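Chemist: For reference, the chains in residue letters:
There are 2 protein chains.
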Amino acid sequence: MQKPSIPKGTRDFSPAEMMRRQYIFETIKGVFRTYGFAPLETPAMENLSTLLGKYGDEGDKLLFKILNSGDYAASLSDDEVRNASRICEKGLRYDLTVPFARYVVQHQNELSFPFKRYQIQPVWRADRPQKGRYREFYQCDVDVIGTRSLLCEVELVEIVERVFRALGVRVALKMNNRKILYGIAEAIGHADKMMDITVAIDKLEKIGLENVKAELLERGLSQEAVDRLQPILELSGDNAQKLDRLSEVLAASETGLKGIEEMRTVFGYVERAGVAIPVELDLSLARGLNYYTGAIFEVKALDYAIGSICGGGRYDDLTGIFGLKGLSGVGISFGADRIYDVMCGLELFPEEVNCTTRVLFVNLGAEEEAAALPLLRGLRDAGVSAEIYPECGKMKKQMEFANRRAIPYVVIIGSDELAAGAATVKDMRSGEQRKVAFAELADCLK
Amino acid sequence: MQKPSIPKGTRDFSPAEMMRRQYIFETIKGVFRTYGFAPLETPAMENLSTLLGKYGDEGDKLLFKILNSGDYAASLSDDEVRNASRICEKGLRYDLTVPFARYVVQHQNELSFPFKRYQIQPVWRADRPQKGRYREFYQCDVDVIGTRSLLCEVELVEIVERVFRALGVRVALKMNNRKILYGIAEAIGHADKMMDITVAIDKLEKIGLENVKAELLERGLSQEAVDRLQPILELSGDNAQKLDRLSEVLAASETGLKGIEEMRTVFGYVERAGVAIPVELDLSLARGLNYYTGAIFEVKALDYAIGSICGGGRYDDLTGIFGLKGLSGVGISFGADRIYDVMCGLELFPEEVNCTTRVLFVNLGAEEEAAALPLLRGLRDAGVSAEIYPECGKMKKQMEFANRRAIPYVVIIGSDELAAGAATVKDMRSGEQRKVAFAELADCLK
Numbered sequence: 221m222q223k224p225s226i227p228k229g230t231r232d233f234s235p236a237e238m239m240r241r242q243y244i245f246e247t248i249k250g251v252f253r254t255y256g257f258a259p260l261e262t263p264a265m266e267n268l269s270t271l272l273g274k275y276g277d278e279g280d281k282l283l284f285k286i287l288n289s290g291d292y293a294a295s296l297s298d299d300e301v302r303n304a305s306r307i308c309e310k311g312l313r314y315d316l317t318v319p320f321a322r323y324v325v326q327h328q329n330e331l332s333f334p335f336k337r338y339q340i341q342p343v344w345r346a347d348r349p350q351k352g353r354y355r356e357f358y359q360c361d362v363d364v365i366g367t368r369s370l371l372c373e374v375e376l377v378e379i380v381e382r383v384f385r386a387l388g389v390r391v392a393l394k395m396n397n398r399k400i401l402y403g404i405a406e407a408i409g410h411a412d413k414m415m416d417i418t419v420a421i422d423k424l425e426k427i428g429l430e431n432v433k434a435e436l437l438e439r440g441l442s443q444e445a446v447d448r449l450q451p452i453l454e455l456s457g458d459n460a461q462k463l464d465r466l467s468e469v470l471a472a473s474e475t476g477l478k479g480i481e482e483m484r485t486v487f488g489y490v491e492r493a494g495v496a497i498p499v500e501l502d503l504s505l506a507r508g509l510n511y512y513t514g515a516i517f518e519v520k521a522l523d524y525a526i527g528s529i530c531g532g533g534r535y536d537d538l539t540g541i542f543g544l545k546g547l548s549g550v551g552i553s554f555g556a557d558r559i560y561d562v563m564c565g566l567e568l569f570p571e572e573v574n575c576t577t578r579v580l581f582v583n584l585g586a587e588e589e590a591a592a593l594p595l596l597r598g599l600r601d602a603g604v605s606a607e608i609y610p611e612c613g614k615m616k617k618q619m620e621f622a623n624r625r626a627i628p629y630v631v632i633i634g635s636d637e638l639a640a641g642a643a644t645v646k647d648m649r650s651g652e653q654r655k656v657a658f659a660e661l662a663d664c665l666k
Numbered sequence: 221m222q223k224p225s226i227p228k229g230t231r232d233f234s235p236a237e238m239m240r241r242q243y244i245f246e247t248i249k250g251v252f253r254t255y256g257f258a259p260l261e262t263p264a265m266e267n268l269s270t271l272l273g274k275y276g277d278e279g280d281k282l283l284f285k286i287l288n289s290g291d292y293a294a295s296l297s298d299d300e301v302r303n304a305s306r307i308c309e310k311g312l313r314y315d316l317t318v319p320f321a322r323y324v325v326q327h328q329n330e331l332s333f334p335f336k337r338y339q340i341q342p343v344w345r346a347d348r349p350q351k352g353r354y355r356e357f358y359q360c361d362v363d364v365i366g367t368r369s370l371l372c373e374v375e376l377v378e379i380v381e382r383v384f385r386a387l388g389v390r391v392a393l394k395m396n397n398r399k400i401l402y403g404i405a406e407a408i409g410h411a412d413k414m415m416d417i418t419v420a421i422d423k424l425e426k427i428g429l430e431n432v433k434a435e436l437l438e439r440g441l442s443q444e445a446v447d448r449l450q451p452i453l454e455l456s457g458d459n460a461q462k463l464d465r466l467s468e469v470l471a472a473s474e475t476g477l478k479g480i481e482e483m484r485t486v487f488g489y490v491e492r493a494g495v496a497i498p499v500e501l502d503l504s505l506a507r508g509l510n511y512y513t514g515a516i517f518e519v520k521a522l523d524y525a526i527g528s529i530c531g532g533g534r535y536d537d538l539t540g541i542f543g544l545k546g547l548s549g550v551g552i553s554f555g556a557d558r559i560y561d562v563m564c565g566l567e568l569f570p571e572e573v574n575c576t577t578r579v580l581f582v583n584l585g586a587e588e589e590a591a592a593l594p595l596l597r598g599l600r601d602a603g604v605s606a607e608i609y610p611e612c613g614k615m616k617k618q619m620e621f622a623n624r625r626a627i628p629y630v631v632i633i634g635s636d637e638l639a640a641g642a643a644t645v646k647d648m649r650s651g652e653q654r655k656v657a658f659a660e661l662a663d664c665l666k
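These protein sequence lines are chains Z and U, in that order.
Per the numbering used here, the first sequence runs over residues 221 to 666.
Per the numbering used here, the second sequence runs over residues 221 to 666.
Isolated chain Z, as found in the complex (with noise of 0.2 Å):
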């Protein structure tokens, strides 16, 4: 028989991978819900109507479709199973962006606007797998939806700065505006090449300057142009000096200024909040999605090289291809995974996350047993994660089977231990050995 796999690209999360994963995950909600966010949860399927056509063409070829239950039409051309036209009207959800999106169409008039969610759930994609890219994953949104308050983003540098000082990772948080972004293309007399200017921008830090200038006439802009976006590729000093020179170039671009205007009230409310955390306008921030239409977030690991490990931006018409119009929102998604390779690099889970079990008592007869068996149920009680060697067998396999699974202490009742209604517990990690009394039991390893 063929040992059993799973298909490329899928992982198993063994019990040791899915506390540090809870760990992640029950912090980063606690904090949504401080803010009053709520949670959703949308079915892993949806209907290929809803998902074809809202990630481009590459992103169709990426869905998982799933194949209509049922019996299937007699005759079926070569060409409609290549186009699964016929035989798959559902795939698996790609982001937890459309679907919300739809949610917030199909259930408008039962909900109340702003409506802040925030949605955990695996997501999947038929991209091809390699290290670090998977085709089932975790996304972790929080949106706010029905408001162009500039408060919200304030809530969501808030929320990362929360978030990532409760998991101990030390982060920085760049942003840019997608106005300001066009205002500068506005101003270099090249509006019709935003797109162009913008993808250019994105790849600053990637290839440098010089090559950027070189594909930004690639993309036709002329020389002087560039020349002109020179000085605000080399803008420098903190974000109200940058803003205050942004603002003179920009002077002519009135989406420009309005950009400046934001960031302004952002950085402001930021200041006044006591955020601790770095806050920094980067020109060079783009993302590549294109429906950001104001702020844009990004965040990296201080102490530890990945990439961006959360980002987001406020979009203007997110519900529009549903045809509901004119909803503003603005969230940003924690990577999970990201988040979860650099704790693990930097060794910063806490203890208590690394063991699934607490306390084992070991099993050496039906006697010592039935004395063990309310001391269980008292550490049980008192919230103690606990359990007892199901069988009666030598201590020294016991004991084996206790640091296999990282317990940190081990019970002791052997008919020494039950003369003298005294259990003698072992610290693991250090091998140190103490008496305790029965009756205490449960305070002692609480």
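Mixed in with the good hints, there may be bad ones.
No copy labels: a pair is met if it fits in one copy or bridges any two.
[To be verified] Here are the computed lysine to any residue pairs in the SDA-like style, where the Cα-Cα straight-line distance is at most 20 Å:
hint : residue 1 : residue 2
1    : 249       : 237
2    : 545       : 225
3    : 223       : 328
4    : 223       : 640
5    : 614       : 368
6    : 617       : 368
7    : 462       : 424
8    : 249       : 341
9    : 223       : 325
No lab work stands behind these hints: they were computed from the structure.
Predicted model only: the values in this text are computed from it and were never measured.
Model the placement of chain U on the given structure of chain Z, informed by the hints.
Modeler: The following block gives chain U in isolation, referenced to the frame of chain Z:
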């Protein structure tokens, strides 16, 4: 544009539903954890070779199959499409048991046995959707594998007790043992017909004694055998009395006596542990699944008619299907959807589960907002779920928003409050208002 929708048989879970569902899952997880069960997650997609043939012919038809991504072979016959043999290699998991068995076999060398895991994930079945039956639903399984110790059965009984005590649902637990059922078949001279007898007995509650007897005759049992079965179907008294009577009737069946002995042991432990829910031997309990080999469990709510809300049993060869023989295990599954319905029906959810935000600050202007933000931050520091209406606007509209969202407390800061350094706190349920000094707000609303 068509109003967007979701595939039939699937559901969106709104924030209000999610809060209640999370409450159920968190309660259950908390109990699992105190018993040393560790979380596990497996991918939504499994290889079809893992899934096919594990749930019977009917089950195979109910698998959701995922179309291979990428290019298909140029020529596919209709038959191939119908069989999905070349166009699908993956399917969505149908339950959590088969993926668990697959995981244990695949990772047998990394695991320490006995291995205690819980798993809470959705499963998918291409069933015809109907009231209370969905095509996507969560299962919530807890199993220990790699030991025959009856302490595990007792732990599961205790877990049932603790979970439903924590949820406030009054329940009764019924137990049976597959070995006793075999013993009965043997004792009436129809060992070959254990499955028929079991299936018929399972219907006792639904169709009554006479119909069960008629069905048994139809299934080929002799009148004499049916007559010998009757006293067993009409056993009365407490568990000990039933087992005593059974041990007389099944005296000739070694397997039957073994089953009786197992139940005596389990009931003995349960009694000594002081388990406070009724735990009753019920010979009519068979459950459809044919892989159980020992104890069988079923839990019903006492105050709400909805069928079984939890069930499971011991299996001796779960991993055999993947080539790993001789691993015995026992587990139960909590029916989250039904538990949800019971708790809604009996109004058992605590009040705090019904609101996502505890405190709303109304927003009456720039100056008021500036005073509110640090107070809001203080509440969040104290772990209170709080938000500010993100736009300045009419009091009435903001109060309505709080009401629709079921937010219990509203904090009002207007010009009077600014002058006094004290906010007005309104209890939205009672309508009561009081003044609270800014400095005391967090303490007062915790």
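Chemist: Find the hints from earlier in the document that the structure breaks and name them by number, from lowest to highest.
Modeler: Hint 4 alone not satisfied by this model.
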